[in-house]
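Novice: Here's the letter readout for the chains.
There are 2 protein chains.
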Amino acid sequence: MDFTATREMFDLPEGVIYLDGNSLGPLPKAAAERISRTVQDEWGEMLITGWNRAGWMAQPSVLGDRIGALLGAPTGSVVLGDTLSVKIYQALAAALHMCPDRKVILSDSGNFPSDLYMAQGLIAGLDKGHELRVVAPEEVADAITEEVAALMITEVDYRTGRRHDMPALTAKAHDKGALAIWDLAHSAGAVPVDLTAGKADFACGCTYKFLNGGPGAPAFIYVAPQHADTAQPALSGWLGHEAPFAFDADYRPGQGIERMRVGTPAVLQMAALETALDIWDGVDMQALRKASLALGDLFIAEMRAPCPDLTLATPEAHAMRGSQISFRHPQGYAVMQALIARGVIGDFRAPDILRFGITPLYISQDDVSAAAKILAEILDQKLWDRPEYHKRAAVT
Amino acid sequence: MDFTATREMFDLPEGVIYLDGNSLGPLPKAAAERISRTVQDEWGEMLITGWNRAGWMAQPSVLGDRIGALLGAPTGSVVLGDTLSVKIYQALAAALHMCPDRKVILSDSGNFPSDLYMAQGLIAGLDKGHELRVVAPEEVADAITEEVAALMITEVDYRTGRRHDMPALTAKAHDKGALAIWDLAHSAGAVPVDLTAGKADFACGCTYKFLNGGPGAPAFIYVAPQHADTAQPALSGWLGHEAPFAFDADYRPGQGIERMRVGTPAVLQMAALETALDIWDGVDMQALRKASLALGDLFIAEMRAPCPDLTLATPEAHAMRGSQISFRHPQGYAVMQALIARGVIGDFRAPDILRFGITPLYISQDDVSAAAKILAEILDQKLWDRPEYHKRAAVT
Chain A
5 MDFTATREMF
15 DLPEGVIYLD
25 GNSLGPLPKA
35 AAERISRTVQ
45 DEWGEMLITG
55 WNRAGWMAQP
65 SVLGDRIGAL
75 LGAPTGSVVL
85 GDTLSVKIYQ
95 ALAAALHMCP
105 DRKVILSDSG
115 NFPSDLYMAQ
125 GLIAGLDKGH
135 ELRVVAPEEV
145 ADAITEEVAA
155 LMITEVDYRT
165 GRRHDMPALT
175 AKAHDKGALA
185 IWDLAHSAGA
195 VPVDLTAGKA
205 DFACGCTYKF
215 LNGGPGAPAF
225 IYVAPQHADT
235 AQPALSGWLG
245 HEAPFAFDAD
255 YRPGQGIERM
265 RVGTPAVLQM
275 AALETALDIW
285 DGVDMQALRK
295 ASLALGDLFI
305 AEMRAPCPDL
315 TLATPEAHAM
325 RGSQISFRHP
335 QGYAVMQALI
345 ARGVIGDFRA
355 PDILRFGITP
365 LYISQDDVSA
375 AAKILAEILD
385 QKLWDRPEYH
395 KRAAVT
Chain B
5 MDFTATREMF
15 DLPEGVIYLD
25 GNSLGPLPKA
35 AAERISRTVQ
45 DEWGEMLITG
55 WNRAGWMAQP
65 SVLGDRIGAL
75 LGAPTGSVVL
85 GDTLSVKIYQ
95 ALAAALHMCP
105 DRKVILSDSG
115 NFPSDLYMAQ
125 GLIAGLDKGH
135 ELRVVAPEEV
145 ADAITEEVAA
155 LMITEVDYRT
165 GRRHDMPALT
175 AKAHDKGALA
185 IWDLAHSAGA
195 VPVDLTAGKA
205 DFACGCTYKF
215 LNGGPGAPAF
225 IYVAPQHADT
235 AQPALSGWLG
245 HEAPFAFDAD
255 YRPGQGIERM
265 RVGTPAVLQM
275 AALETALDIW
285 DGVDMQALRK
295 ASLALGDLFI
305 AEMRAPCPDL
315 TLATPEAHAM
325 RGSQISFRHP
335 QGYAVMQALI
345 ARGVIGDFRA
355 PDILRFGITP
365 LYISQDDVSA
375 AAKILAEILD
385 QKLWDRPEYH
395 KRAAVT
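Chains as they are written, first to last, in this note's numbering: chain A, 5 to 400; chain B, 5 to 400.
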């Protein structure tokens with residue numbers, strides 16, 4: 005599959021090599037017009053009737069299904085809304101409620117901190133002696149014991165790009181009587197995911213990274229069909245009610261995945277996301293994966309030759325890798341600032357990770373080679389040593 | 005104060021009298037250009053650096069302060085994010101944690117159902133014998149006893165427009181040792197609110213109704229300064245962490261109101277909201293209130309003459325009224341459909357409420373008189389009896 009066509013579907017700034025699509029995907033060319041339509045023709049002209057006439061109310065399910073199709077999830081098992089942290093809370097609360105006799109949430113130190121924080125907040129609120137047990141990524145499999153209520157893991161490590169074996173860990177969890185919750189933040193649009201074959205119980209993710217839905221795009225949640233009508237919603241908002249517009253005094257959960265909706269969806273964000281999903285319609289995930297691995301291999305090779313001492317943080321084995329390449333450098337922050345000053349945008353993750361998203365939809369071999377050359381030059385000439393690269397911004 | 009200037013700041017469709025700004029405010033004229041700038045110049049050009057360079061990360065606090073200024077809240081006590089249901093959950097969870105020895109959440113039957121649902125979900129999760137006690141609106145004051153942990157009330161009833169006496173109920177709550185949580189969904193931008201003088205402990209609201217922030221605009225939460233550094237965040241997401249970008253393994257709540265942030269904010273929605281708040285900069289809330297009451301009185305008078313039997317659901321006393329006028333009619337749904345077919349947009353709320361938002365920013369005396377004439381005609385000629393007005397849409 006040739007990705008020059010998808011590259012043409014994005015607005016990429018001149019002179020920039022964008023290796024941070026794992027943090028915020030770029031602007032689809034169709035987004036501006038689509039958002040403008042939602043603003044002027046829908047909000048402006050339809051006003052309140054847009055909820056029906058423009059389909060706003062249905063959009064979290066309609067777009068949820070389109071994301072589900074990328075993840076091997078059946079129709080009606082994915083819905084959009086809120087942020088990933090909120091969706092993790094919903095999944096975890098439902099899972100703990102399904103396993104009342106077990107007290108351990110098992111996660112790993114490669115999980116995104118917000119997932120751990122949400123678990124900590126939930127545990128404090130429940131006040132029932134739950135424990136968040138955090139082990140090293142490579143120790144997760146052995147730590148799945150009969151104490152575990154829920155395994156809560158981000159499939160691809162946000163720092164290193166290390167990828168867990170979702171089907172194997174899920175199978176082990178099930179074998180021990182635990183449920184498996186997967187955070188797909190760095191998987192959706194990055195690697196082939198099959199939630200059905202992988203037998204995940206719950207999954208969540210965000211849509212502004214590899215899916216390119218735009219800054220603040222809504223999160224998604226998947227609930228396996230066998231749990232969807234019994235999962236108890238902790239965040240029991242009106243749009244998850246069986247009949248939201250009956251305005252009953254008592255909550256009754258909606259059918260299936262609908263119960264995971266909470267409040268009013270972010271209509272403008274969904275308009276942007278829709279144009280991003282249009283691009284995904286034509287993409288073969290297996291071809292994308294092949295291209296991603298080839299670009300990653302190229303980046304590693306191009307750095308190894310001039311900088312043999314640079315520490316690769318990402319596993320080289322394809323099966324253990326997501327769609328990013330990370331290196332460790334003691335001056336990682338300043339190195340990244342020097343890169344950005346030269347038009348190569350990646351990001352830094354404390355304490356020492358240089359992180360580069362590999363996104364074949366709009367990044368080519370030439371981009372990767374050029375970025376590698378610039379990085380090698382910065383390291384070779386210690387260009388990171390300039391004072392201006394050591395100033396810290398609010399968001400790094 | 006003359007509101008012809010503010011009316012000019014909105015795009016209102018031709019031939020429509022829009023009396024549903026209490027459900028979704030209309031489009032500010034400046035919004036389309038502002039959103040387009042965020043999409044093309046910020047997302048498109050700045051990409052990930054927009055979080056700092058375009059101020060996206062600070063926006064929930066910056067806009068929160070601007071909303072706080074409309075509500076008598078000091079700088080640094082209001083932050084944007086999520087939906088109103090989620091913010092209610094946060095406020096209620098924090099309040100219950102502050103009153104561990106009391107088990108009653110007191111609310112009323114005029115509260116928006118989602119608030120009640122969120123309380124029910126929280127209670128089920130806590131599983132500590134809490135009770136949601138729901139009384140009639142006029143019985144709230146007497147029901148505030150020493151059993152009550154938190155009073156959770158929507159100031160203005162979404163159906164009837166009845167307004168509670170916030171300072172009096174809050175004072176009674178405090179007298180009995182309870183905390184007061186106020187939902188300002190139908191207050192913010194509708195009536196003068198003074199959270200400081202009213203001594204509210206927590207307050208939440210949405211920004212897409214009277215504030216005109218657009219479909220899916222984020223909610224806001226206020227925490228009184230004396231609680232802000234001790235309130236425990238149930239939804240302990242990374243952006244509420246003391247140092248989000250340190251990526252620590254353990255959650256430590258941020259300073260003050262910042263801890264009520266959860267996940268990535270909805271950047272496009274905030275751009276729209278910003279233009280709506282620009283309009284509010286020039287508005288005198290006391291003048292707005294005076295105009296709102298006059299328009300409401302006019303609507304009541306114009307309906308009473310031709311339809312003396314129509315039941316007014318809104319209290320006539322100014323002090324007990326928000327900024328909407330509601331009537332009860334047994335065929336309310338069909339009456340509203342007949343009105344909408346004639347260009348008068350209000351909404352219907354089950355079981356029998358015809359609800360009309362009174363929004364002097366863009367609604368004039370002529371609009372109100374014209375709407376009243378059309379409604380009188382529909383009732384007089386029983387035009388609601390046509391079959392096409394009895395079809396139910398998904399969202400009503």
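Just so you know, the hints here were simulated from the structure itself, not pulled from any lab data.
Each hint should be verified, as a subset may be incorrect.
Said to hold, decoys possible - Calculated pairs, DSS-like style, for lysine-lysine (alpha carbon to alpha carbon, straight line, at most 27 Å):
(1) B:K294 x B:K180
(2) A:K33 x B:K33
(3) A:K203 x A:K176
(4) B:K176 x B:K203
(5) A:K33 x A:K294
(6) A:K132 x B:K294
(7) A:K107 x A:K203
(8) A:K395 x A:K377
(9) B:K203 x B:K33
(10) A:K377 x A:K294
(11) B:K176 x B:K132
(12) B:K132 x A:K107
(13) B:K132 x B:K107
(14) A:K107 x B:K107
(15) B:K132 x A:K132
Novice: Indicate, hint by hint, whether the structure satisfies it.
Specialist: Against the structure, the hints come out as follows:
no. : hint            : verdict
1   : B:K294 x B:K180 : violated (34 Å)
2   : A:K33 x B:K33   : holds (24 Å)
3   : A:K203 x A:K176 : holds (11 Å)
4   : B:K176 x B:K203 : holds (11 Å)
5   : A:K33 x A:K294  : holds (25 Å)
6   : A:K132 x B:K294 : violated (52 Å)
7   : A:K107 x A:K203 : holds (22 Å)
8   : A:K395 x A:K377 : holds (24 Å)
9   : B:K203 x B:K33  : violated (36 Å)
10  : A:K377 x A:K294 : holds (23 Å)
11  : B:K176 x B:K132 : holds (25 Å)
12  : B:K132 x A:K107 : holds (17 Å)
13  : B:K132 x B:K107 : holds (8 Å)
14  : A:K107 x B:K107 : holds (25 Å)
15  : B:K132 x A:K132 : holds (10 Å)
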